[in-house]
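J.: Take the given structure of chain R and dock chains L and D to it, following the hints.
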Amino acid sequence: MTRSAEVQRRIYALMVLMKAADDRLSKGIGTGEFICVYWPSRGQEAIAAAMGISLRRDDQLVTTYRGLHDLIGKGVPLEEIYGEMMGRTLGASRGKGGTMHIANPEAGVMLSTGIVGAGPPVGVGLAMAAKRKGLDRVTVVSFGVGATTTGSFHEAANMAALWDLPVVFVCQNNLYAEMTPTRDTMKLEHVADRAAGYGMPGVRVDGNDPLAVATALDEALNKARHGDGPTFVECVTFRFRGHYFGDRMRYIPKDQLDSALAADPVPRFRAHLLDTGVATDEELTRVEAVAAQQVETALQTVMSADAPSIDELDRDVYATPIRFPV
Amino acid sequence: MDSKEMTMREALNLALDQALEKDERVFLLGEDIADPGASGPTAGLSTKYGHDRVMDTPISEAAIVGAAIGAAIDGLLPVAEIMIMDFIGIAADQIINNAAKLRFMTAGRTTAPITVRTQVYGGLATGATHSQTLEAWFMHIPGMKVIVPSTPRDGKGLLTSAIFDEDPCLFVETIRLQGQKGPVPTDPDFAIPLGQADVKRPGTDVTLICYGRSVHDALAAAATLQDEHAVSAEVVDLRTLVPLDVDTMVSSVRRTRRAVVVHDAVRFAGPGAEIVATLQAELFGELEAPVERVGARFVPTPAAAALEAQVYPSPARVVQAAQRTLQSAKAGIHG
Amino acid sequence: MADFVVRIPRVSVAVSEAELVELLVDGGQHVEEGAPIYVIATEKVEQEIEAGASGTVQWTGEVGTTYDIGAPIGVITA
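Residue numbers (our numbering), protein chains in the order written: chain R, 1 to 326; chain L, 1001 to 1335; chain D, 2001 to 2078.
These aren't lab readings, by the way, just hints derived from the structure by calculation. As the structure is a prediction and not an experimental result, all values here were calculated from the model. Careful, some of the hints might be misleading.
With a Cα cut of at most 25 Å, we get these calculated PhoX-like pairs of lysine-lysine [what the hints assert, rightly or not]:
hint, chain 1, residue 1, chain 2, residue 2
1, L, 1004, L, 1181
2, R, 27, D, 2044
3, R, 254, R, 187
4, L, 1022, R, 133
5, L, 1048, R, 133
6, R, 223, R, 133
7, L, 1048, L, 1004
8, L, 1048, R, 131
9, R, 223, R, 131
10, L, 1022, L, 1004
11, L, 1200, L, 1004
12, D, 2044, R, 254
13, L, 1022, R, 131
For reference, chain R alone in the conformation it holds in the complex:
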């Protein structure tokens, strides 16, 4: 499918924003400018940008702790993301959830999970709700390859297929389950092959090519939206900064990292836009500058915001506070 120049430029703008947001965190933490924990998504931008343009605002997303790119793609304001990471009142949950637990239902981000494999069952329930309400909304569950070896994923995939639920399972296969290579965690070479075991289609795409991902997603979304059940979309990619920020990545062979960096989806898509005449170098340079500025503004806004007040501890534990002996 051919995408309009406008859509392709939007994809690039999203990818660049995701990259800039990740780079700025990396720089700020690395130099001691600020302190927060995060699980970098650098390298996986093509998938999240494709979701960003393929999903409707009312489509829902369930993502994971490695969700910075996914959240940006789905339209969560950067201030909410950074604010949550830094524990400030501006955060999506006023700092009460942290990096791994960001939700923004208005943007369709219903859950971010810190537990690998915990998202798919919840995605199934959100899709059940859509079906029950007669909505043509789709729930996308985004996760890494490690999630597919959990029992929780298996249970959810089976249920989604059994009941033809409007779910798309997006596996961002970055070739590692935390610090262990995928090949040491499963016999299958292609994760998408799992789908056959549940009676749903499984497709495998180049996760560094946003147009390929968007094409696969559109087909899966369309199918789900029309009552034809779930699809498993495996997007093969790489993460450049390891499992968590500061991961020394001793377990990644140098030649593998080098060739992954050489296939960095951001410059690759930039070159594609130039080669196909979709945009000029000057235009793209401007897009990059805008993203960097947007990230810097968000960061400075967050850094000057307050930490949550102590009374937050008494809020949101229960709907109505319950008195417990302290």
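T.: Frame of chain R, contents of chains L and D only:
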């Protein structure tokens, strides 16, 4: 209020039936809960409301609770069933890390007001993996409410409250109580607020604090204490462990100055530990005797009936514990 | 631009303190953003830390001392 004699099973069925009837957001999901396979409190409901509101699921406890959470985030009121409480470990991650914490972690932007119904099979010679009484696990998790009814009336009123409560609720049923009969209000609006203990029998000499099946041991013990020992025991049924009705419990013991906590969960690190700690903190100096605890022995539940009978509390053990509180001098001589 | 306070970074998720092992730039010298300016050790692994801003660096931290993450050890004045 009109009331009808029925079993606990029928009372719970009526609560589910009326909830399904009055609110479209309510639906049930679980293993073997739909007809014709259903035999517990859900029997007949799929026939009445259809299989998409009373849904049989695959044997997938994590996904049953996870799916309930997803639907609840989206505004529905799911009632998930974990057939036997021992299986709840498989769903524990969803309960502990999603349901209980979402409200806090998202500052109220998402919530999961699910009800998880489950049943304790203890006392039926089903062995160590089909007998456990595990409510203490979930009392330990901020964000969860934990409910354990003892009578058909309480079962109906508390389940109705749980289904429509804004917080995730664990509702613990007991197989040995499902056939017990009692009067139950039939009004669909009948509900018992969560966090209100019930004095099942008034008394003046010792307070027996209990919940769930142990309420019946406590009531039997209270009768024996009265008839054979001229001791007046007050029976406080907590009904919910979270919220815990500290006020009712403490005001009773403040009068009687002696207490025995009884539960089917193992005694060591059981719910009674928290209750006793609360009582001593509130009433130190007013107690006439150390607070006694009667709970299951700290062993995997044995299968052989002769062994299993030794494990759980019994009226006789409650009577003995109550007598110890009456014999114990304040100096600390502990029979 | 405000002074950039040089702090012990949380270089990894499981790190709570680090030893200041070496200063790569003398106090009073100019540093460029992105250039390594000091070395810390966590879990016996040494790591060069880059300047978070350009300017003149002044050190307050002492080599051989272990600091909590977030502790200030110097300042870069533009």
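J.: With reference to the structure, classify each hint as holding or not holding.
T.: Going down the list of hints, with the structure as the test:
Annotation: proposed proximity of residue 1004(L) to residue 1181(L) holds, straight-line Cα distance about 10 Å (limit 25 Å). A hinted pair counts as satisfied when its Cα atoms are at most 25 Å apart, and residue 27(R) with residue 2044(D) qualifies at roughly 22 Å. Between residue 254(R) and residue 187(R) the alpha-carbon distance is near 24 Å, which keeps this suggested pair within the 25 Å criterion. A threshold of 25 Å between alpha carbons decides the hint, and for residue 1022(L) with residue 133(R) the separation of about 17 Å falls inside it, so the pair holds.
For the proposed pair residue 1048(L) and residue 133(R), the alpha carbon gap of about 20 Å is at most 25 Å, so the pair holds. With a C-alpha separation of about 18 Å, the suggested pair residue 223(R) and residue 133(R) falls inside the 25 Å cut-off, and the hint holds. Restraint check for residue 1048(L) and residue 1004(L): the C-alpha separation of about 21 Å stays at or below 25 Å, so the hint holds. For a cut-off of 25 Å, the pair hint linking residue 1048(L) to residue 131(R) stands: about 20 Å separates their Cα positions.
Note on residue 223(R) and residue 131(R): the hinted pairing holds, with a Cα-Cα distance of about 14 Å set against a maximum of 25 Å. For the suggested pair residue 1022(L) and residue 1004(L), the alpha carbons sit about 20 Å apart, so the restraint of at most 25 Å is met. Annotation: proposed proximity of residue 1200(L) to residue 1004(L) holds, straight-line Cα distance about 19 Å (limit 25 Å). The suggested pairing of residue 2044(D) with residue 254(R) holds, with an alpha-carbon distance near 22 Å, which does not exceed 25 Å.
A distance of roughly 20 Å separates the Cα atoms of residue 1022(L) and residue 131(R); the hinted pair therefore holds under the 25 Å criterion.
Violated hints: none; the structure is consistent with every hint.
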